[in-house]
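> Line by line, the protein sequences give chains Y and B. Here my numbering is used: the first residue of the first sequence is 38, the next is one more, and so on. Here my numbering is used: the first residue of the second sequence is 466, the next is one more, and so on.
Heads up, simulated DMTMM-like pairs for lysine to aspartate or glutamate below, C-alpha to C-alpha not over 25 Å straight-line:
no.: 1; chain 1: Y; residue 1: K78; chain 2: B; residue 2: E562
no.: 2; chain 1: Y; residue 1: K48; chain 2: B; residue 2: E562
no.: 3; chain 1: B; residue 1: K491; chain 2: B; residue 2: D563
no.: 4; chain 1: Y; residue 1: K48; chain 2: B; residue 2: D563
no.: 5; chain 1: B; residue 1: K547; chain 2: Y; residue 2: E77
no.: 6; chain 1: Y; residue 1: K261; chain 2: B; residue 2: E514
no.: 7; chain 1: Y; residue 1: K48; chain 2: B; residue 2: E504
no.: 8; chain 1: B; residue 1: K519; chain 2: Y; residue 2: D258
no.: 9; chain 1: Y; residue 1: K223; chain 2: B; residue 2: E514
no.: 10; chain 1: Y; residue 1: K296; chain 2: Y; residue 2: E127
no.: 11; chain 1: B; residue 1: K547; chain 2: Y; residue 2: D258
no.: 12; chain 1: Y; residue 1: K78; chain 2: B; residue 2: E564
no.: 13; chain 1: Y; residue 1: K261; chain 2: B; residue 2: D525
no.: 14; chain 1: Y; residue 1: K48; chain 2: Y; residue 2: D84
no.: 15; chain 1: B; residue 1: K547; chain 2: Y; residue 2: D47
no.: 16; chain 1: Y; residue 1: K270; chain 2: Y; residue 2: E227
no.: 17; chain 1: Y; residue 1: K48; chain 2: Y; residue 2: D82
no.: 18; chain 1: Y; residue 1: K232; chain 2: Y; residue 2: D301
no.: 19; chain 1: Y; residue 1: K261; chain 2: B; residue 2: E522
no.: 20; chain 1: B; residue 1: K547; chain 2: Y; residue 2: D53
no.: 21; chain 1: B; residue 1: K519; chain 2: Y; residue 2: E265
no.: 22; chain 1: B; residue 1: K530; chain 2: Y; residue 2: D258
no.: 23; chain 1: B; residue 1: K530; chain 2: Y; residue 2: D255
no.: 24; chain 1: B; residue 1: K547; chain 2: Y; residue 2: E265
no.: 25; chain 1: B; residue 1: K530; chain 2: Y; residue 2: D53
no.: 26; chain 1: B; residue 1: K547; chain 2: Y; residue 2: D255
no.: 27; chain 1: B; residue 1: K536; chain 2: Y; residue 2: D255
no.: 28; chain 1: B; residue 1: K519; chain 2: Y; residue 2: D255
no.: 29; chain 1: Y; residue 1: K252; chain 2: B; residue 2: E514
no.: 30; chain 1: B; residue 1: K547; chain 2: Y; residue 2: E227
no.: 31; chain 1: Y; residue 1: K223; chain 2: B; residue 2: E562
no.: 32; chain 1: B; residue 1: K536; chain 2: Y; residue 2: D47
no.: 33; chain 1: B; residue 1: K530; chain 2: Y; residue 2: D47
no.: 34; chain 1: Y; residue 1: K78; chain 2: B; residue 2: D563
no.: 35; chain 1: Y; residue 1: K78; chain 2: Y; residue 2: D105
no.: 36; chain 1: B; residue 1: K536; chain 2: Y; residue 2: D258
Stretch by stretch, here's where chain Y covers chain B in the computed footprint (C-beta under 8 Å, at least three residues):
no.: 37; stretch: 507-521
no.: 38; stretch: 543-556
Hints in this document: simulated from the structure, not taken from any laboratory. Cβ atoms here follow ideal geometry from the backbone N, Cα and C, with glycine treated the same way.
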Amino acid sequence: MSMNEIHPMDKLIRADRMPHIWCSGCGLGTNFTCYLTAMEKSGLDLDKCVIVSGIGCTGRIPGYTNIDSFHTTHGRAIPFALGLKLANPELTVTVFSGDGDLFAIGGNHFIHAARRNVDINIICVNNFNYGMTGGQFGPTTPLDAITTTSPYGNYEHPFNLVDLAAASGAVYVARWTSIHVRRLTKSIQEALLKKGFTFIEIISPCPTNYGRRNKLGDGLDEMKYYREHSIIKHGINPKEADLSFNGEIVVGKFVDIDKPTFLDNQPDMSQMSVNNKK
Amino acid sequence: MNLSEPQNKDISKPPDYWRKPLDIEKYKIPHGTVHIIIERCKGCEFCIEFCPQKVFEVSDEFNSKGYHPPKIVCHDKCVNCKLCELICPEFAIYITEDEPMNII
Numbered sequence: 038m039s040m041n042e043i044h045p046m047d048k049l050i051r052a053d054r055m056p057h058i059w060c061s062g063c064g065l066g067t068n069f070t071c072y073l074t075a076m077e078k079s080g081l082d083l084d085k086c087v088i089v090s091g092i093g094c095t096g097r098i099p100g101y102t103n104i105d106s107f108h109t110t111h112g113r114a115i116p117f118a119l120g121l122k123l124a125n126p127e128l129t130v131t132v133f134s135g136d137g138d139l140f141a142i143g144g145n146h147f148i149h150a151a152r153r154n155v156d157i158n159i160i161c162v163n164n165f166n167y168g169m170t171g172g173q174f175g176p177t178t179p180l181d182a183i184t185t186t187s188p189y190g191n192y193e194h195p196f197n198l199v200d201l202a203a204a205s206g207a208v209y210v211a212r213w214t215s216i217h218v219r220r221l222t223k224s225i226q227e228a229l230l231k232k233g234f235t236f237i238e239i240i241s242p243c244p245t246n247y248g249r250r251n252k253l254g255d256g257l258d259e260m261k262y263y264r265e266h267s268i269i270k271h272g273i274n275p276k277e278a279d280l281s282f283n284g285e286i287v288v289g290k291f292v293d294i295d296k297p298t299f300l301d302n303q304p305d306m307s308q309m310s311v312n313n314k315k
Numbered sequence: 466m467n468l469s470e471p472q473n474k475d476i477s478k479p480p481d482y483w484r485k486p487l488d489i490e491k492y493k494i495p496h497g498t499v500h501i502i503i504e505r506c507k508g509c510e511f512c513i514e515f516c517p518q519k520v521f522e523v524s525d526e527f528n529s530k531g532y533h534p535p536k537i538v539c540h541d542k543c544v545n546c547k548l549c550e551l552i553c554p555e556f557a558i559y560i561t562e563d564e565p566m567n568i569i
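Let the sequences and hints guide you as you build the complete structure.
Written as structure tokens, this is what we have:
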């Protein structure tokens with residue numbers, strides 16, 4: 038048995054809870070490693086880093102992270118993170134959750150947090166379906182994709198998450214897949230150090246539900262597909278980065294702007310009300 | 466030498482120089498030791514497919530969960546890039562840095 042061996046990442050994960058629940062071939066473990074590596078490289082004080090998630094397979098990530106972490110109710114990760122940040126502005130707050138949690142039940146919270154430009158980081162793992170509950174179609178399932186609740190093909194138009202984030206006012210918008218480990222790590226590192234509402238979408242394989250029903254093979258085949266069909270286009274209009282079923286995946290950093298955050302603007306407003314009273 | 470020919474990418478073999486470059490002592494090839502925590506592996510084969518030096522191969526052995534963990538086929542090829550450490554979803558592979566190797 039080699040269970041007692043120490044992995045260098047074991048100080049950042051709750052090693053006693055390993056192995057995690059994610060399926061063989063799932064990209065979540067890779068995304069999680071990228072996040073931990075980025076956090077370590079960014080040089081942030083780990084006592085001042087917080088990770089929040091909602092419900093779902095991706096929602097398990099805070100449970101495995103050995104920093105202050107919160108597993109909130111379904112869809113309410115962003116309001117919780119927003120409260121944390123406003124109550125204690127020293128914290129670096131990251132929301133690590135899935136597409137179903139952030140954009141289906143939590144869609145309204147996302148657009149309004151982006152509009153206010155609160156200084157939180159959103160990492161959304163997009164696997165195109167509700168993986169944990171059995172593979173139903175959700176707001177990101179591409180047209181014609183087969184899921185348990187769309188056995189003849191999905192006929193609803195999906196969200197383009199990067200466009201939604203950019204249009205709502207996010208200052209940093211990027212999309213990567215699970216295979217782009219180094220670029221993803223660098224991107225998360227940039228987002229952690231960036232002031233304002235940042236959004237990173239990670240396209241990730243779901244071999245058990247989405248991949249199996251759409252005959253995409255196992256996790257390794259999906260990863261190979263990402264390697265062959267993703268095109269890096271930095272700085273393009275996120276409108277052009279639409280995802281289609283089995284089409285090419287446009288990845289890259291689409292938006293990187295500077296804008297005063299919610300907390301930057303707040304003192305000015307209070308000053309104005311004091312002046313008005315005089 | 467015809468430049469259009471594919472270059473010899475296998476760094477475990479020394480490149481063919483028509484003379485020894487004068488500054489060859491200055492350049493070293495990084496080298497690492499691969500450690501696999503077999504009991505954590507779930508057999509996704511990401512490391513085997515994506516290792517740029519093809520250090521891994523599927524082994525015939527099983528771990529206690531019934532997966533085939535990777536085995537190291539050519540340890541000398543590892544250049545300490547740590548891609549396997551980053552891409553392994555199970556925290557089952559890590560690399561420790563070794564003394565860099567000479568090119569020739």
